[in-house]
Amino acid sequence: MNTLYNFAFFDEGSKKEIRRATLKALSIPGYQVPFASREMPIARGWGTGGLQLTLSLVGHDDVLKVIDQGADESVNAVSIKKLISDTTGIPVTESTSQATLIQSRHRIPEEPLNEGQILVLQVPIPEPLRSIEPKEAVTKRLHAEAEYSGAYLLLFEEIQRYGTLAGGSDHPVTVAGRYVMAPSPIPRFDNPKMHFSRAPILLGAGREKKIYAVPPFTSVVSLAFEDYPFRVESFEGKRCRFCGADGTYLDEIPASDGTAVYQCNDTGYCRSRSEGGA
Amino acid sequence: MNGSLIRVEELTRTFGPGCPRCATVRGERNNHCPHCGTVYALDRVSFDVRPHEVLGVVGESGSGKSTLMKCLNFDQNPTSGRLFLEAYGGGRQDVWAASDQVRRRLRHTVLGMVYQNPADGLKLDFSAMANIAEKLIAAGERRVATMEDRAVELLDHVNIPLARRHEPPARFSGGMQQRVQIAKALSSRPPLLLLDEVTTGLDLSVQAKVLDLIRRLKRELGIGMVLVSHDLGVIRMLADRTLVLLAGRVVEEGLTDQILEDPQHPYTQELVQSLL
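If you read the sequences in order, they're chains A and C. All residue numbers for the first sequence refer to the numbering used here, where the first residue is 1 and numbers rise by one. All residue numbers for the second sequence refer to the numbering used here, where the first residue is 1001 and numbers rise by one.
FYI, nobody ran anything at the bench for these hints, they're computed from the structure. Be aware that a few hints might be false.
No farther apart than 30 Å at their CA atoms in a straight line, the calculated lysine-lysine pairs in the DSSO-like style are these [what the hints assert, rightly or not]: (1) A/Lys24 <-> A/Lys209; (2) C/Lys1123 <-> C/Lys1070; (3) A/Lys81 <-> A/Lys209; (4) A/Lys16 <-> A/Lys209; (5) C/Lys1123 <-> A/Lys140; (6) A/Lys16 <-> A/Lys82; (7) A/Lys140 <-> C/Lys1070; (8) A/Lys135 <-> C/Lys1123; (9) C/Lys1123 <-> A/Lys209; (10) A/Lys135 <-> C/Lys1070; (11) A/Lys81 <-> A/Lys16; (12) A/Lys15 <-> A/Lys81; (13) C/Lys1070 <-> C/Lys1209; (14) A/Lys209 <-> A/Lys15; (15) A/Lys82 <-> A/Lys15.
Extracted from the complex, chain A is given alone in its bound form (with noise of 0.2 Å):
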């Protein structure tokens, strides 16, 4: 441990900047709350959002997963993983069940979080309305006033130029039948587990200034058409190489003769189900 720094990094006083944010994001479900982004020792745009929200939360008794697109090897995850410990002296786990702190990128884990776990999602662009309306100050009084119509009209034209709701990730939500709100770039596999999740979900966009989340136990509904209902990605008849599972998300890796091999997207998962002999 680097003890030429204050426990988790950040002075207290910073932590208790992002954690008041925090806590009002958690009291308005959705609901985009500014906050102080710091500079770090990472770039923005590299899970800054994600990290400050870590550093605040992380305590002595804490166990910290990180996985980047479902790795847990991947360089992002690993110089987080290495930031956090080095600072504050806690084990890293790559188990989702033993970990009670988890910083992600673009995935939710496979296994079913539970109380006393949180999970933290690192969020390029927070805004679901953004490429529709360029200006800060009008997309919060679309907020205010609840006028999503940008957000269908955005699955619309989806539509239009695929036939379906095809989009891969980040498929806007509807939190607590109220705000509109970006999943973080999760693939839509992931967004039914937002709802009622049982660990309380934050989500933190460093470069864009910005903290919101989903309180446990809250309904989070994915946007959609009367008659184009929303579907999460299908790997109906294809499996795990590995660990054989077939009710998760899987990678699709082609061979050179044209044909393809899946295997879980969350490695953490697939690694245990393999070893516990599967």
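Let chain A serve as the given structure and place chain C on it in line with the hints.
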């Protein structure tokens, strides 16, 4: 309301602080006060539009025509004045005093606006279909099939080739963009259409097509319209009644034929004289 679709009372829109001398020193052809510099874009303008009626508004550049339209479409807030819509509380409540949500809903259900510049009324990078659907979505529609059917029907109605319905209007000609805008304005079947200089900037044959379309809408759908133009030819062709705006004030109003054949106010006389 006496059966009017829309009634505007004493609409005033100023830019500046205003001063006690504004009222006395401002000349008829001057819309700003030389003492405090306040601009009177609109000064106590009142009118109403009945069902099936087309009200023309003429005036030179800077006479307040566009400001009037922006206030009617809630793009701008008036400084003072009252607006009554038949569709809102039977026309007994002032719409300008209502909340933003109420006005937004009315804009999407009761009004259809066609801007002079298609970029103001359309999302040029979204498909023509999505542009038309936008107003329907805003009006609360959540079935894709319904919106697609309505959009196809309208695009056909305004003579946009259906093969191009998935293309963004950015790839369309100016006249086509204008017609997509009209289709969008009509999508939620509003009883009142606001047309702001819709033919300005289009070449003559395209102008003729757009005017034909508006005339057909008037005949077939019987929608009430407020038609702003500086082109007396357009006014003569489409408007039943006409207001003449000068420096933010109504200087003359009456039946279009009457105003064009027998103008009373010196400014209107000048305007009619200058008609080529």
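* Pair hint outcome, A/Lys135 versus C/Lys1123 [Cα-Cα no greater than 30 Å] -> 15 Å, holds
* Given the proposed pairing of C/Lys1070 with C/Lys1209, does the C-alpha separation stay at or below 30 Å? -> 25 Å, holds
* Mind checking the alpha carbons of A/Lys209 and A/Lys15 for me, to see if they're no more than 30 Å apart? => With Cα atoms ~15 Å apart, A/Lys209 and A/Lys15 stay inside 30 Å; holds.
* Asked: Between A/Lys81 and A/Lys16, is the straight-line Cα distance small enough, at 30 Å or below?
  -> 22 Å, holds
* **Pair hint C/Lys1123 and A/Lys140, alpha-carbon separation not exceeding 30 Å** => OK: C/Lys1123 and A/Lys140 at ~20 Å, within 30 Å.
* Between A/Lys135 and C/Lys1070, is the straight-line Cα distance small enough, at 30 Å or below? -> 20 Å, holds
* Below or equal to 30 Å on CA atoms is what counts here, so check A/Lys15 against A/Lys81. => Given pair A/Lys15, A/Lys81 holds - Cα atoms ~18 Å apart, limit 30 Å.
* Distance restraint between A/Lys140 and C/Lys1070, which requires alpha-carbon spacing of 30 Å or less -> Status holds; Cα separation ~22 Å.
* Holds or violated: A/Lys16 with A/Lys209, Cα cutoff 30 Å? -> 16 Å, holds
* Asked: Are the Cα atoms of A/Lys82 and A/Lys15 separated by 30 Å or less?
  -> Holds. A/Lys82 to A/Lys15 sits at ~19 Å (cutoff 30 Å).
* Straight-line Cα separation of A/Lys16 and A/Lys82 no greater than 30 Å? -> The hint holds at about 23 Å.
* **Hint consistency between A/Lys81 and A/Lys209 [alpha-carbon to alpha-carbon, up to 30 Å]** => 22 Å, holds
Checked against the numbered hints above, the structure violates none of them.
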